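J.: Keeping their order, the protein sequence lines are chains A and B.
Under numbering that gives the first Met the number 0, the first residue of the first sequence carries the number 0, and numbering increases by one thereafter.
Under numbering that gives the first Met the number 0, the first residue of the second sequence carries the number 0, and numbering increases by one thereafter.
If you're looking for bench data, these hints aren't it; they were derived computationally from the structure.
Be aware that a few hints might be false.
[What the hints assert, rightly or not] Derived EDC-like pairs (lysine to aspartate or glutamate); straight-line CA-CA distance at most 16 Å:
#, chain 1, residue 1, chain 2, residue 2
1, B, 129, B, 64
2, B, 570, B, 499
3, A, 230, B, 81
4, A, 57, A, 86
5, A, 128, A, 110
6, A, 299, B, 468
7, B, 210, B, 239
8, B, 436, B, 468
9, B, 119, A, 293
The model shown is predicted, which means the values in this text are computed figures rather than measured ones.
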Amino acid sequence: MEMRAALRTLDPADSDILALEARAQLIPAVFETLVRFDERGEPQPCLATSWSHDAARKRWVFTARPNVLLHNGTQWSPKGGAIELPDDRPLAAILRELAQPAGAIVVRADDGSLLGTGPFRIAHWEAEKSARLVAHDGYWAGRPFLDSIEIRMGRSLRDQEMDLESGKTDIAEVLVTDGRRLRQKGFAISITPFMETLALVFENPRVPDATREALALSIDRATINNVLLQKQGEPSAALLPRWLSGYSFLFPAPRNVARAKQLSASAAPLAFAYDRQDAILRPVGERIAVNASEAGIVLKSSTGPADVRLLCLPITSRDSWTSLADVAAMLKLGLPRASSEFEAESALLNGYRIIPLVHLPRMWAISGGVRNWPRLADVWLDPDPKVKP
Amino acid sequence: MTFRTKLLLLTSLTVAGAVALVTGAVAVSTRRAFERLDVARREALLEQFRRELDARGEELSRRVEQIASSAAIEQITSGAAEYDRAQAEAQEQSLDFLDVLQPDLTIISSAHWPARFGYKNDWNIATGTKSFLARITLPEGNAVALISVRSSPGGKALVAGGRSLNAELLKSLGIAPGMRALLWRAPDDLIDAQGAVQHADKLEPLIAQVKASRHESTATVQWTKQRSSSEAFLGLPLFERGQLMGVLLAGTSLREEMDLENAILWIGIMVGGSGIAIGILLGWWTTRRVTHPVEQLAAGARSVAAGDWSARVEVVSHDEIGELAQAFNQMTQHLVEQRDRAIQAERVAAWRELARRLAHELKNPLFPLQITIENLQRARERSAEEFDEVFREGTTTLLAELSNLKTIVGRFSDFAKMPAPQFERVDVNELVRGALKLYDARLHADDRAPTSLRLELADGELPIAADSDQLRRALSNLVLNAMDAMPDGGTLHVVTAKMDDGVRISVADTGLGLTPEECERLFTPYYTTKHHGTGLGLAIVQSVVSDHHGKISVVSEPGRGSTFIIELPLKQGEQI
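The following block holds chain A by itself, in its conformation from the complex (with noise of 0.2 Å):
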């Protein structure tokens, strides 16, 4: 497989939060966490079976899981076959940083290298070009159908594309505006779940808080998705998709451009930046400029320091207040003190520093022969595909 982050390790505890995609893609493969979400949020057993609290609820116990064989073959056996963490927290907070890949139980080995219970174990690992995973035929989940992995990092999109159609890839990330064309010629599609964010992000903080709210309202989201992105992605207000939240839809969208107008006389021209050599940045940058226009604002494009920027906020976690927390990382703000992750949020958008755009999936194109994408311990390859490129 391929994929355009280059990771410089696979440490869970690394902190690299530009990555943060790419390692939550590979880091469950290796290194393994105590509890997990399942695909609907829930927080589910793993290397912990369960888990109790003493009285005052200041200390929690968590039963390790029996019979886990580290990658070199050793038994993995907390001190009492339990791991005691003292944590007043409420349980919910627990378990979600527990779940996450920087919780992953890891044990360095005598040659300093990181040993987990995971179903692949590094095998080769060049820091930000190629790694190579292998089965782990002592995990205890049952050894996984691949035998192995090999992983090339920081190749572009077009690059991804031309060794998918030469069959030198088998799984290959691709914009989710290409997957018609794709599909025409024969791959097979996965779109996950909305993981990616399109969000204007003031970083002039001068920039006067009318001019803001008259960008937020002079933007067409509607036609930013069904035109520019194909109807792939879900037009929001909110930072969070709704899968993940569910409260999006408490944060309207609507276009006013009258109001725009009223709120953008005599605005200074703003410098806008944004990748412009993205596929999916550019012409929606260009088309957010277009509106900001017709609403009287000039957004002068810019390659330096800019008052906005547009962005693609990646999530993070199946966990909102972990996507929520990283995004507030990512934009180098605090995330607010709140009760509910929808006040959280309210905060962080209050005043339009952050104007989310539009939700987008992720798009993998994969050859006819793989099976049960995307967990990489399930994927199994079919020798007979039906369906080839």
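Given chain A's structure and the hints, the job is docking chain B onto it.
T.: Chain B only, in chain A's frame:
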């Protein structure tokens, strides 16, 4: 400034002026010829631009027609194609701009600005026309383009395609060397065949003039400090349905014209310089021929002024200058003749005066001699006793009168025998003191009215080269004259003073004074205003002063006394 210099200057200025006039006339004529040629070339360029625009419009219409009738337009209008499908069509037909529009001019697909889909086209489109100019708004700015619009079969869509009025268009004009075409595109973009124009601000006034007048205008722009960088421009406004789309600027380099003007100027300078040099030589030769006789005349006039009345000039021509020389010679000849006649007349007059004086002086003692002799004769006849007494008295009288005669004759003899001065170092102050000392007793004599002496001598010594005896005698004569002029008393005022190159001695009295006529004749020998005297005193003074190479003058006014002023040089001999 001499006449020769003036003449040379006049000649040089005349030559230089003539050359400057000719050079200026040639330069102006050349410039006008260049200007006429430039205007013709620029107008030809403008005409060429119009033809190129028409040709491109036809070609553009053909290409847009092909797109309008293609299957791609059907796909775009039916929604089967992606929103930026127009890009591929524009690229295939080499169009810079392409909008596929609904009949209400809503953009379905845009090649040059895909993000504009769904918005209204703002090119001021008028279907049915062949091609037109339009101002295109782009994300990165504005452009002016030649646009053609065609309707798709069935009329479901309009296809508006265009090509930019850009540097490539200007390059295709095939402009003659020394010329170039620039295009100002509204609102503020100026290009030439190479792209953006440097220092475009220099053309802003011309563009503003064209925009304001909405007609052709011309201007000259000097790009650098060198005049040869100048370029003449003709601005042609490009209108489309009353809206100014751009200004075509046809420029002609003035380098060749400037170079030619410079060459003419340098030739003029060289010719002028040569002309001036030749003029100076010819002028020098001519003026020498003219001024040489004049200079001779001037020298002759100076000689005459110095007393040489025998001066003559050479008569070398028969023109006005020759006549002037002849007149000069005649004048000097007449002057000499008049002088000779005057001298003769003066001599005669002097001899007459001498005779009169001699007669007068001699007659006075002769009369007593005659009376005395007659008394002696009568006494001899009357008695012997009386005769002895008369004889004694008579002989005494005769001796006295004879002595008087002898004195008179001696004075005349002294004047005639005035010797040449023997120069020695003489202190004028000392000499004046010595001379006045001799008259001190007489000034204070009882039988004389009170006469005071006021002596003002210069500080220190006043040494000069002089004959002390002659100078003392001259001073004595002046002092005596002054005393004689003050019979009723007065003040004798003697002053010595040092001058730059000599000394001055003035002897003044407060006597009766002299009339101007008396002053004129005062130094004439044998002339006197007194009832006694020979009239030789002042003549002797003048003779002494003259022998000392000095001069004497008198300032006098009747009733106010007279002042005699002697000026003597410090040295005698070669230094004089």
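J.: All hints, please: hold or fail.
T.: Structure-based check of each hint:
1. B:129 / B:64: 11 Å, holds
2. B:570 / B:499: With Cα atoms ~12 Å apart, residue 570 of chain B and residue 499 of chain B stay inside 16 Å; holds.
3. A:230 / B:81: 12 Å, holds
4. A:57 / A:86: 5 Å, holds
5. A:128 / A:110: Not OK: residue 128 of chain A and residue 110 of chain A at ~23 Å, beyond 16 Å, violated.
6. A:299 / B:468: 120 Å, violated
7. B:210 / B:239: 13 Å, holds
8. B:436 / B:468: 15 Å, holds
9. B:119 / A:293: 11 Å, holds
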